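Student: On the provided structure of chain A, position chain B as indicated by the hints.
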Amino acid sequence: MTFLTIQGIGKRYGGMAALDGIDLAVPAGARMAIVGRSGSGKTTLLRIVAGFETADSGRVTLDGQVLAEGASAVPAHRRGIGYVPQDGALFPHLSVADNIAFGLERGLPGRDARVLDMMDMVELDRRMLGRRPHELSGGQQQRVALARALARQPRLMLLDEPFSALDTGLRETMRKAVADLLRAAGVTTILVTHDQNEALSFADHVAVLRQGRLAQAGTPQELYHRPCDRDTAAFLGDAIVLPAELGDGWAACGLGRVAADTGSRRGRAEIMLRPEQLRLAPASPADPAASPEAACHGRVTAVEFGGAVCKVAVSLLNGHAQDSQPALTVHSSSLDLPAINTHVRITVSGKAHVFAT
Amino acid sequence: MTHPTLDPRTPAFRDAVHPGINAREDGARGEGAWRSPTAGEGWRWRRPNGPAAAIALAALVSLIALLPLGFVAWIAVQTGWDTVAALVFRPRVGELLVNTLLLELATLPPAIILAVALAWLTERSDLPGARLWAWLAVAPLAVPAFVHSYAWITVAPGLHGLSGATLVSVLAYFPFLYVPVAAQMRRLDPAMEDVAASLGLGPWEVFLRVVLPQLRLPICGGALLVGLHLLAEYGLYVMIQFDTFTTAIVDQFQSAYNGPAANMLAGVLVLCCLALLGAETAVRGNERYARVGSGAARLPDRRRLGNATLPALLVPALTAALSLGVPLVTLGRWLLIGGAAVWGPAVLGAIGQTALLALAGAALTTLAALPMAWLSVRAPGRLQRIMEACHYHVGALPGVVVALALVTITVRVALPLYQTVATVLLAYGLLFLPRALVGLRGSIAQAPVELERAAMSLGRTPFQAVRQTTLRLAAPGAAASMAMVALGIANELTATLMLAPNGTRTLATEFWSFTAELDYAGAAPYAVLMVLASLPLTFLLHAQSKRAAGR
Numbered sequence: 002m003t004f005l006t007i008q009g010i011g012k013r014y015g016g017m018a019a020l021d022g023i024d025l026a027v028p029a030g031a032r033m034a035i036v037g038r039s040g041s042g043k044t045t046l047l048r049i050v051a052g053f054e055t056a057d058s059g060r061v062t063l064d065g066q067v068l069a070e071g072a073s074a075v076p077a078h079r080r081g082i083g084y085v086p087q088d089g090a091l092f093p094h095l096s097v098a099d100n101i102a103f104g105l106e107r108g109l110p111g112r113d114a115r116v117l118d119m120m121d122m123v124e125l126d127r128r129m130l131g132r133r134p135h136e137l138s139g140g141q142q143q144r145v146a147l148a149r150a151l152a153r154q155p156r157l158m159l160l161d162e163p164f165s166a167l168d169t170g171l172r173e174t175m176r177k178a179v180a181d182l183l184r185a186a187g188v189t190t191i192l193v194t195h196d197q198n199e200a201l202s203f204a205d206h207v208a209v210l211r212q213g214r215l216a217q218a219g220t221p222q223e224l225y226h227r228p229c230d231r232d233t234a235a236f237l238g239d240a241i242v243l244p245a246e247l248g249d250g251w252a253a254c255g256l257g258r259v260a261a262d263t264g265s266r267r268g269r270a271e272i273m274l275r276p277e278q279l280r281l282a283p284a285s286p287a288d289p290a291a292s293p294e295a296a297c298h299g300r301v302t303a304v305e306f307g308g309a310v311c312k313v314a315v316s317l318l319n320g321h322a323q324d325s326q327p328a329l330t331v332h333s334s335s336l337d338l339p340a341i342n343t344h345v346r347i348t349v350s351g352k353a354h355v356f357a358t
Numbered sequence: 012m013t014h015p016t017l018d019p020r021t022p023a024f025r026d027a028v029h030p031g032i033n034a035r036e037d038g039a040r041g042e043g044a045w046r047s048p049t050a051g052e053g054w055r056w057r058r059p060n061g062p063a064a065a066i067a068l069a070a071l072v073s074l075i076a077l078l079p080l081g082f083v084a085w086i087a088v089q090t091g092w093d094t095v096a097a098l099v100f101r102p103r104v105g106e107l108l109v110n111t112l113l114l115e116l117a118t119l120p121p122a123i124i125l126a127v128a129l130a131w132l133t134e135r136s137d138l139p140g141a142r143l144w145a146w147l148a149v150a151p152l153a154v155p156a157f158v159h160s161y162a163w164i165t166v167a168p169g170l171h172g173l174s175g176a177t178l179v180s181v182l183a184y185f186p187f188l189y190v191p192v193a194a195q196m197r198r199l200d201p202a203m204e205d206v207a208a209s210l211g212l213g214p215w216e217v218f219l220r221v222v223l224p225q226l227r228l229p230i231c232g233g234a235l236l237v238g239l240h241l242l243a244e245y246g247l248y249v250m251i252q253f254d255t256f257t258t259a260i261v262d263q264f265q266s267a268y269n270g271p272a273a274n275m276l277a278g279v280l281v282l283c284c285l286a287l288l289g290a291e292t293a294v295r296g297n298e299r300y301a302r303v304g305s306g307a308a309r310l311p312d313r314r315r316l317g318n319a320t321l322p323a324l325l326v327p328a329l330t331a332a333l334s335l336g337v338p339l340v341t342l343g344r345w346l347l348i349g350g351a352a353v354w355g356p357a358v359l360g361a362i363g364q365t366a367l368l369a370l371a372g373a374a375l376t377t378l379a380a381l382p383m384a385w386l387s388v389r390a391p392g393r394l395q396r397i398m399e400a401c402h403y404h405v406g407a408l409p410g411v412v413v414a415l416a417l418v419t420i421t422v423r424v425a426l427p428l429y430q431t432v433a434t435v436l437l438a439y440g441l442l443f444l445p446r447a448l449v450g451l452r453g454s455i456a457q458a459p460v461e462l463e464r465a466a467m468s469l470g471r472t473p474f475q476a477v478r479q480t481t482l483r484l485a486a487p488g489a490a491a492s493m494a495m496v497a498l499g500i501a502n503e504l505t506a507t508l509m510l511a512p513n514g515t516r517t518l519a520t521e522f523w524s525f526t527a528e529l530d531y532a533g534a535a536p537y538a539v540l541m542v543l544a545s546l547p548l549t550f551l552l553h554a555q556s557k558r559a560a561g562r
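Chains A and B are the protein sequences, given in the same order. Quick note on this note's numbering: the first sequence kicks off at 2 and runs consecutively. Quick note on this note's numbering: the second sequence kicks off at 12 and runs consecutively.
Okay, chain A solo, but in the shape it has when bound (with noise of 0.2 Å):
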């Protein structure tokens, strides 16, 4: 069921294409996190759909409701769309029950109740309802404004970014926090964000913009392991991207032969793999003549410390290697780190994906 559609919008700046022909679906009650670096355009599209800017072409439907068509739209304060920008956007000279009574109408019956409970699940202590903005951190700033935009019970809610500006324990916990919240709300909600982690961890749909275009959307799980080209995957992640000879759900690759997706594909192609999908154990210098086809071996070159995961960076030493392969890297846990110089022997678990060209 798909409740916000956006269709072929597109938007020029002077010469600069900011938005080329975007589609997009996303259906009702769901969390979709659009990411891409900056200057991606994903701001753009946000406001297009807030009604703040309008579109040179395509059309944005809400729930049956035709809201931009071409350059013809629906004004923003007819939406009933939710807005949270960057940096919450409080007005400073209200205080913290006004800006959040702001959108709710004076003499509503209730309001003042309204109010009060907003606060309540944003948490945020009554005892704020009458500071200013200027009195708050900067995650209570990010509460009010959401509590703002939840006051009027929006169709849609839209987050730039709302995270961006505070410090990682608190981003993380804000994150977590809003998410459930949006979802205890039942509102359908469109995260923007340059952090693919965020946007991973935030989201049910995740879409990936680069230079104005939609480079690809789906679950994060789906967009994470299966990525459509080398940038997507970088993008979201550590990636080891290797040349390989693909067999019948194998590849042949600088690891040895790995399990891969390979369809009806056979011959050259590249396969990219998680760095958590290869492990490291211990082994001898003598070993590689054992199993040549079953794993690989590699020296440690070097090792770097990370709380709970460490990086270890690994280069290969068996016959599939060639000269110019850079060393791999791998996560591994902190608690069986090799030292550096050290013989490991790598396996991989799970399946290799193999780009689409």
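Take the hints with a grain of salt, since some may be wrong.
What the hints assert, rightly or not - Restraint-style ranges between C-beta atoms, simulated for each label pair:
| no. | chain 1 | residue 1 | chain 2 | residue 2 | range |
| --- | --- | --- | --- | --- | --- |
| 1 | A | VAL310 | B | LEU394 | 52 to 58 Å |
| 2 | B | ARG313 | A | GLY30 | 35 to 41 Å |
| 3 | B | GLY317 | A | ARG231 | 46 to 52 Å |
In case anyone wonders, no lab produced these hints; they're calculated from the structure. The structure presented is a predicted model; accordingly, all values stated were derived computationally and were not measured. Heads up, the beta-carbon is just placed ideally off N, CA and C, and yes, glycines get one too.
Tutor: Below, chain B without anything else, positioned relative to chain A:
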């Protein structure tokens, strides 16, 4: 917070001596970006701080600003209570009080509405020729108030009393509101308007509930400035035949040079000014108007006027016709009548003298207002409020009172200073302190204090931090306020007449002496020159204020 002493090797010293050079080095080589505290030999550290130095400087300026008021009080004490009561509690004073109050109430609301409408049209709508209209909204500043009235009584000889005074006052003074309001509109965070629209507010509601409240500071500042001018203006109301305290005081002085009656009227006028100041403080409140949040604001969008474009064009066009067209047409007519005969070599001399006095006075005044402007935004408190009042009250005193105070003080205490350029500049500094302060304060309020702190964390001394962040950001406001001070000085009349060394002939004094003899054609060249000299300055500073704001 510590900073190095003024050792010649330290950046602080260099800044004090060669501010421009250091700024260029910072930009070109990034030299200033990395200063280790241990790098300089002989760096000493002490515990001082920005506020303490600023408070000391502001206090010094406050004390000097108190001179004229102290003079009035001293005269009152000397005169004795019975005489004071007899002079103050009489029908004539009540009449003047009513006149002054009516003038304020009739002038301020239309001036505010006009300024806000023009600012919105020129800054936030797609009005055709918005840049031109923005210039034309500032340009009436170049026409001195008494030239406005000179033009209007030529066009409409029957114009007099409250209605005439209100009309000319609005036209002559609305730019004092337009400039700060337009500057603030440029800097509003458009995300707030987006949010308001997403909360279901139509364009009008967004303006009334989000934009207008954030214009409170510039409106209050501008209205205070206009209000003070209404209290202090002399020439305009003499020509339009409307009695205010100021005209009555000058009358008293002319009839009796050292009359206690005039001093007592001045005392009442000071009370009026203090009441105005109190009202502004109460309305302004102590809210924060800088953006809450991080990052730089997007540029505001301009709204499409659509079918309303033509009626909207009428507002700036009509304003320009009345505030600029009328004076220029009148002056043109008098010039035609006067012909070549009115242009003598005396005109050239007046130009040079006026330019020198205006520039020196503006620089001095802006510098003098800086510590107080910074304090009133960054470290407001009871002491600062009092000092602020000291800064403000002096602007409401008519030029004659300030001038007479300085005459008396120099004659009795510092005779070598009597009738010197230093005394004239001091008078200018006193008279135009509020102008400089309002502009500076409004723009400093827009620069977040965090930037100053960030600069200090990058190794700048507090003084450098203020100079390189807040002052940079406050530059539009500072430029605007300097322009206003220089314009004010170029058009200042009474104090110049009384204090300047013998032989000083400025454009304003020459103009006034010709009109006093009813030689309107002879006065025209000086009026035209005052307007012409001020026009480029107005345009330049208007353009600079936009560029400095990054637009």
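Student: Please go over all the hints and tell whether each is borne out by the structure.
Tutor: Verification of the supplied hints:
1. Taken as a hint, the range 52 to 58 Å holds for the pair VAL310 (chain A) and LEU394 (chain B), whose Cβ atoms sit roughly 56 Å apart.
2. Between ARG313 (chain B) and GLY30 (chain A) the CB atoms are about 37 Å apart, so this pair conforms to the stated range of 35 to 41 Å.
3. The supplied range of 46 to 52 Å is met by GLY317 (chain B) and ARG231 (chain A), whose beta-carbon atoms lie about 48 Å from each other.
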